[in-house]
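A.B. asks: Each chain, written out:
4 protein chains.
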Amino acid sequence: MSSHWGNHLHLSVFGQSHGPAIGVTVDGLPAGFPIDREALSAFLARRGPGRSHLTTPRGERDEVQFLSGLKGDVTCGAPLAAVIENRDTRSGDYAQLSDLPRPGHADWTAQIKYKGYQDVAGGGHFSGRLTAPLCIAGGICRQMLGSCGISVYAHLLGVGAVSDRVFDPMGETGLERLEAMPLPTLETSAAAHMERVIVAAHQAGDSVGGVVECMVQGFPAGLGGALFGGLESRLASILFAVPGVKGVEFGAGFSAARMTGGEHNDSFVAEGGQVKTASNRHGGILGGISTGMPLVLRAAFKPTPSIAKPQDSVRLSTGEAEQLHLRGRHDPCIAVRAVPVVEAAAAIALMDVWLEENGRGVWI
Amino acid sequence: MSSHWGNHLHLSVFGQSHGPAIGVTVDGLPAGFPIDREALSAFLARRGPGRSHLTTPRGERDEVQFLSGLKGDVTCGAPLAAVIENRDTRSGDYAQLSDLPRPGHADWTAQIKYKGYQDVAGGGHFSGRLTAPLCIAGGICRQMLGSCGISVYAHLLGVGAVSDRVFDPMGETGLERLEAMPLPTLETSAAAHMERVIVAAHQAGDSVGGVVECMVQGFPAGLGGALFGGLESRLASILFAVPGVKGVEFGAGFSAARMTGGEHNDSFVAEGGQVKTASNRHGGILGGISTGMPLVLRAAFKPTPSIAKPQDSVRLSTGEAEQLHLRGRHDPCIAVRAVPVVEAAAAIALMDVWLEENGRGVWI
Amino acid sequence: MSSHWGNHLHLSVFGQSHGPAIGVTVDGLPAGFPIDREALSAFLARRGPGRSHLTTPRGERDEVQFLSGLKGDVTCGAPLAAVIENRDTRSGDYAQLSDLPRPGHADWTAQIKYKGYQDVAGGGHFSGRLTAPLCIAGGICRQMLGSCGISVYAHLLGVGAVSDRVFDPMGETGLERLEAMPLPTLETSAAAHMERVIVAAHQAGDSVGGVVECMVQGFPAGLGGALFGGLESRLASILFAVPGVKGVEFGAGFSAARMTGGEHNDSFVAEGGQVKTASNRHGGILGGISTGMPLVLRAAFKPTPSIAKPQDSVRLSTGEAEQLHLRGRHDPCIAVRAVPVVEAAAAIALMDVWLEENGRGVWI
Amino acid sequence: MSSHWGNHLHLSVFGQSHGPAIGVTVDGLPAGFPIDREALSAFLARRGPGRSHLTTPRGERDEVQFLSGLKGDVTCGAPLAAVIENRDTRSGDYAQLSDLPRPGHADWTAQIKYKGYQDVAGGGHFSGRLTAPLCIAGGICRQMLGSCGISVYAHLLGVGAVSDRVFDPMGETGLERLEAMPLPTLETSAAAHMERVIVAAHQAGDSVGGVVECMVQGFPAGLGGALFGGLESRLASILFAVPGVKGVEFGAGFSAARMTGGEHNDSFVAEGGQVKTASNRHGGILGGISTGMPLVLRAAFKPTPSIAKPQDSVRLSTGEAEQLHLRGRHDPCIAVRAVPVVEAAAAIALMDVWLEENGRGVWI
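In order, the protein sequences belong to chains A, B, C and D. Take the first sequence: its letters are residues -19 to 344, numbered as in the working numbering. Take the second sequence: its letters are residues -19 to 344, numbered as in the working numbering. Take the third sequence: its letters are residues -19 to 344, numbered as in the working numbering. Take the fourth sequence: its letters are residues -19 to 344, numbered as in the working numbering.
Isolated chain A, as found in the complex (with noise of 0.2 Å):
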């Protein structure tokens, strides 16, 4: 169960931090499509580690290699199949943390379930290494509704107190300008300002949480359905599987609950003979459905749990209380790689939902 996700396209992500190697198969994309793989590795170079000071040292490049799904870089039909090798790997950092479980961390809670039978190296299946074939998933996802016209960006919306301004529901142009930041925000001002924030914390050996904002425009009214099959729940149960995600909301969100009606409700107008709402509050989905409105999404990243200060813990082998001093290389704010992740959580999300309504066939 832990790696397996979709209804019309089947993605399956499997790997361990340390182990050989991390990957996905993807299911279910339509045959035909031509993948920019320049841009797919500046997709996922987005994510990756070293981009700046603010991200773990950890050097690895995320190579990425198509064992199947493609004839030359067009997709055939059969199911896509991408690793990435592990490389810059040092599991001696992480040897003792079967026994002294990190706080925060799945340390614990998988010794509880795989009763020492889990590989711990780099935080094994749990790591946030994984997110890197979500990647490779989503950025072709990405570039497919791309292709229709339907664009996919995040934004870093907060960073400890810090925050961006949130983008207007309306919609938003040239956020391309996004995908070339190291802190990816609205306003310079909160780049900056987040910066000085991740320092600080990574200076006091300590982290920080953030808040990733995700925008979709271009999207077609009418794709989702009710219940289960809406929107919001399909988009969040793949956010949900980030690893460090605590919180996700749609349109206003938690805020709608402090609103009357009156406040909340989007009216309907009509612009040059198509039906559009003056406001969107309901963050693009009505009933679980699109409503053709930009679709907007939060999801809450929690601090880093790696950090240098010193932490109470167990030793499980003799019950005893110990102090735990981590070494090891850690983003001092996952929040900032998250945001290529968030992209590409939701580009699979509405990928599924759209193969939903439009069929399998070949893309054209």
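A few of these clues could be false.
Just so you know, same-sequence chains aren't split out, so a pair can sit in one copy or run between any two.
[Stated by the list, open to error] Taking lysine to any residue and the SDA-like style, the derived pairs with C-alpha atoms no more than 25 Å apart in a straight line are:
| # | residue 1 | residue 2 |
| --- | --- | --- |
| 1 | Lys289 | Ala184 |
| 2 | Lys95 | Gly299 |
| 3 | Lys95 | Val249 |
| 4 | Lys95 | Glu302 |
If you're looking for bench data, these hints aren't it; they were derived computationally from the structure. The structure presented is a predicted model; accordingly, all values stated were derived computationally and were not measured.
Based on the hints, put chains B, C and D in the right spot on chain A.
C.D. replies: Then chains B, C and D, alone, in the frame of chain A:
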């Protein structure tokens, strides 16, 4: 896709608000569990309308008929099917909505998706009434979990700007008292305050949103899994299927994004030979797997979109702007009746997870 | 798991033979298809008992009540739910079976699996009666396929040692005549012969097996897929779910194993600009994908296990051997009433495949 | 859809015959099971080419690389991924097939479905080579079942007109001897006879079909379920996914259709406090649930469609009839190498059923 959920428990929810009946099938329930039908009726009554002056006066009692899955009142291993007949329906109230969609409702998106073939009356398949069959399934799962010492309780954490105190994430006692309260809150004063807010909204021809917080105690450590098999992912996929939910968070949730790792991580402590956490900001889940600490989650509900106040809409047949004047009976705050619905959704998801670990077999 | 099927169409079958009702939910049917209820009743009547002296006299008419999924008689996009009430049940007939299991029946295996909690009356959830809801779903799918020019017909190919001629795999015309025949055969003499065999078995307190052959004409080329997505795999998974089926084959089937490649391969020919095969031993499927030639499949049904003849069994409570003397009303040849059931199963599987290719959308 | 299977074990098979690699992911394997890699290699070697002069000389050894799912050789709870690199490929042999499809092959149907985007080389994703990853997954499941005392063995029951004796459905001993035989038969004379038939077909530029019979001993009673959860349904869905399978039957299978109930029903007998059946025409399955008697099933394989003899085809680009002269290396009888594939498919399906009953947990 719209009505199917589950991996080990297969749920299928059906019905339209003003059709002959609504119902649910549940496949995968272990045989040999005696359903307490009186307790189930009481659970459904908590969701039912007409429980106080704060809910719609639509006067129907949700009388459950079991069509299959039982021998007497004991599960027999065959799929369970249960229906509730729709009685007190006044479809006339809804006749205009197919042409003049209600802001904030699925009228418009259903029209786009189903091109006029959808059943509009009472919201059709998009009605909040579909949460009744969810409560049948969830009420049974909650009983099953209860027989294993796992309790599932929710309260109204917020209505508009009014807040109850949050659950003590380390655990609470005496939560069964919430079941008897029309406005289930931890602090009595909060209920009184909320009532005033709801009444005021209603009198103003308006409605108000709210937040439901749910806590699961006694859930064993080690259940769930990484990525898509994680508890957050599976719980969220069913919570976001509940009409009106626009945000879901676990543990510290969105506030975790504003913390540092040192503030957010929960230390491990040994207590009488058992490993626990000294605090519970993680909401009982690490790496998608339960820690044995109470599970804590929150769902944000938007304000009821159906309000008496005039609203701007568009007459679809003419494309002209037109004001909508809604009549009909509507809850001024859907969060109130959603309290047991959140419990039901959580219980279903956790029963699915429980069966994954323990197998189907026969209930002991 | 026992009652759920489908990837694009989600079927959930429920009910026990002597419970309040049996039924089915079908999620994923496109909106806008007008169900011909009279034709559906006629289809169900073909499966119904009491159609001739060759079937059980259990006198119930399978009256279908639609609980959801329709507006009038037109699909509305919401999941369809339909039930048939159980009326003419005599559970007393079955009282002894929980302790003295019938050879060839599920009495014993259900007892092992469900440890006494199973519903024994009338075979419970294992009854052939559960094929009625399958026929509701299948009858609707067959109408939908029919409206696209795809016809699904079956006949009794064999009863005991008596054989009808096989379908001409290159195509047949006038197959609608089969619908009116109590023993649907291509050669009239075969029906007469079969009738004698069935009557003789019945008079001897025995029963007899049979083979049903099904042909689908008009199914477009290019649907299905490799491996688990193949037409054979998906058709077989639903055909083997029909109680009593012990063998399934496609095209030349088991006889292909005795051929050489030169004998078995069907040459390609160009006919009026279209590529076809000159013969159809492949049964319309190559590599799991339809070729555009008629689909041909056969399902072998075992003889009705419930026979009047004394049989050796074991009294479970004492562990002593004991002869079983069955009363009750049983078909002497289940294959007879299984003819429309095979059509229904095939139609459901093909509708699922059709939706995979064409998407859900609205029926044109 | 083409590559995904399973409810409790999630299989995803990928690869094209002449692509970089073929492989499989398996999610849901319990942690803590030590894989015997030598035994797994020996199992794969039984499927491998070049084992005798009766199989294709394509000289590649199927060397398995595990990318994830293991710690050392022990399952770690994370999804298992395994790949086999493709080495000895000569794609030139296949260049013409996209325009001149081979009778009996997927060339034509893949062209219709994927409109030229499919990978034709070596049969692409439709190649029998894809059974190698199935054997990796199946070989591991077979070892797991084996460690519970459940054995899975198959033999060549028929090649063309030559037959081995059938398994004694009440049980066999010494079946491990089949593993060492190039043509695994119960009677030595059958193997010699089959060899002559295969050699003769090969020399005539032809091929020949065959039947594989499989028996599972030690499978506990009470596993499986009614309808779609039945053992026949689940086994058949994976068996028919094996390229070349055109028929599947259980127990008496098609011959049951020619019997009376009195002939076919297996009496119950008490033996040392245990209930058994005195014969086993039911093939170990009643009502979709295992009886504890050996499971017996047969799969019919069509003759290899690729034959050296000239065959009639159509040149797609011109629409003209043209004779096809195939070169390349092909097995004259795919049933030979399919023997372990049938074992693998059965083992996977039964492991899925086993997990349904017993839950995932950790392997003891």
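A.B. asks: Run every hint past the structure and note whether it holds.
C.D. replies: A quick look at each hint next to the structure:
When the C-alpha separation of Lys289 and Ala184 is checked against a cutoff of 25 Å, the pair qualifies only within one copy, where the shortest distance is 8 Å, while the shortest distance between copies is 54 Å. Taking identical chains as interchangeable, the C-alpha atoms of Lys95 and Gly299 lie at most 25 Å apart only when both belong to the same chain, with a minimum of 16 Å there against 42 Å between chains. Only between protomers do Lys95 and Val249 lie at most 25 Å apart by alpha-carbon distance; the minimum there is 19 Å, versus 59 Å within a single protomer. Taking the closest pair of Cα atoms, Lys95 and Glu302 come within 25 Å of each other only inside a single copy of the chain (21 Å); across copies the shortest separation is 49 Å, beyond that limit.
Every hint from the earlier list agrees with this structure, and none is contradicted.
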